Amino acid sequence: MKPLVELAQVIRTKNAGPYELTLDIIFKSRRIYEQVKRENSLNAPLIARIYGVPEPDILKAIYFDPACAFKATMKRPLPCGDPGERDIYGAQQHAPLLDLLLPWEDEHESDS
Amino acid sequence: MRPLVLLSPTAILGYGFPAVSLDRGLSFNPDVIAVDAGSTDPGPYYLGAGQSFVPRRSVKRDLVFLLRAARRLHIPVLIGSAGGSGARPHLEWCREIILEVAREESLSFRMAVIPADVPRSLLLEELSNGRVEPLGPAPQLTADAVSESTYLVAQMGVEPLMEALDGGAEVILAGRCYDPAVFAALPVRQGYPAGLALHLGKILECAAIAAVPGSGSDCMIGILEQGRFLVEPAGEGRRATEASVAAHTLYEKGDPYLLPGPGGSIDLQGAVFTQVTDRRVAVEGSRYCPASPYTVKVEGARQIGYRVVSLAGARDPAFIEQLDTVLQGVEERTRDNFSNEEGGYRLLFHVYGRDGVMGAQEPHPAAGHEVGIVMEAIADSQEFAEAVLGFARSTMLHFGFPGRLTTAGNLAFPYSPSDFKVGKAYVFSVHHLLTLSDPQQIFPVSFEEVRP
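Sequence order for the protein chains is S and E.
Just add 118 to the spot in the first sequence (first one is 1) and you have my numbering.
Just add 5 to the spot in the second sequence (first one is 1) and you have my numbering.
What the hints contain is simulated information worked out from the structure, not anything from laboratory work.
Everything hinted at is true.
Some but not every residue of chain E turned toward chain S, in silico, with C-beta under 7 Å:
| hint | residue |
| --- | --- |
| 1 | P142 |
| 2 | A252 |
| 3 | P368 |
As the structure is a prediction and not an experimental result, all values here were calculated from the model.
Yeah, the Cβ is synthetic: ideal placement off N, Cα and C, and Gly gets one too.
One chain only, chain S, in its complex shape (with noise of 0.2 Å):
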């Protein structure tokens, strides 16, 4: 196992639109992204898991070539700046995605 924050140079969340928040995880090579990719360690029941979200809740979970990249887009809780939101552009909601370990081997170790 590896930890993603060892793996990705951009863990980020933002909104995309009022409803939706979505997630990039840029990863540090493309020999790193492609070996996530084919192992598919990142997907949709996982980002479900650790964002405490029904599964239906992850309206996108893709892998992006061109930018080395996986995105996941959710319902957000709440519409953007309904009585009880916390964060308005949805700019610190990766905390999840720190403490992520992904499943890694050591002949293929990281080249960041």
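Got chain S; can you put chain E on it based on the hints?
Structure of chain E alone, referenced to chain S:
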């Protein structure tokens, strides 16, 4: 076809740019300066209240540079989503700043103004005709939501902007506008493929955010050629890289392969990003897929009451340890105190230093040695919101709990006055797709000759 050069000075009008970057950008001999002024990112208040999100002084500062430069080079300036939210008051606010700059800088030009307001009667009628659909997870639209919205705007596509260019406009001030449209209008009018032009616009609308190091307040250059486009930051210390430009395609979008907009989508499944110089990236293969019928996104916000907030810190370990019990007690005391009063209210607490940012989704909800507490009341009237918040604040200050040592007060207030009257509180009420019979149906173009 001769190459077209597009200059994007800044990510949002009023975010600023270094004068030296603008000069460097102008040295590319741009055919157009375009800037996006809007976003729903700052939340529902600005659309609901008809207020700009960016300060007037900052918008004027940027416009002085841009209008001067454009008149000197005789190139058009396109401004999309005027005033941030792009409703009638935002448009008028930005128009007045432009007129003031023209007066002070002795500038003359032909200006097109394009409002983007959706007539309430039209939206109600089309709602009953089944020509209004929720966008993503938004709920079904109701007639009440339409009636209660203060302003209703739709994102225009390139078509009304092209009409303004056809009419000889040298400055185009558009209400709510699809962000890439102000960049794509001139290229599409000159025959460039909409897929490339809109994809370029999608990158340029955030200016140098797509560069490394990224910046929302520095200039970016886009060059459209036969079959591809190029992007390059104007700021000396920045580069566009394959990774930075491709990564930007992900930004704020739900699906990186298909970016929907007015009347169709940009399809990036075949897009190829290539580093052509150290600072410049080429993109080809972006396609446009027109959709039928032609739909536009409609946005609206409605008032839900009045908001008052108060900020305080807490440093006592016993208080922090029993905070949830205290907060619950404060809620109960508040409910009891106002149980005979008319009107509804909501009382909310945000505990920073524990779970203020993520709430129930916080993976490590442990408080530190101190916490920050934001108390918030939303009520039917300003007076009631003040009463609720004031009562909750003083109750929390003096709340008794087992083992309390600090009987003089539980909270540290940084300010006097301690309570901030935020005024009207809004929520988004409309985020829906409306079918138009014609892309220009609700975006009337008017022209005026601006003289100093």
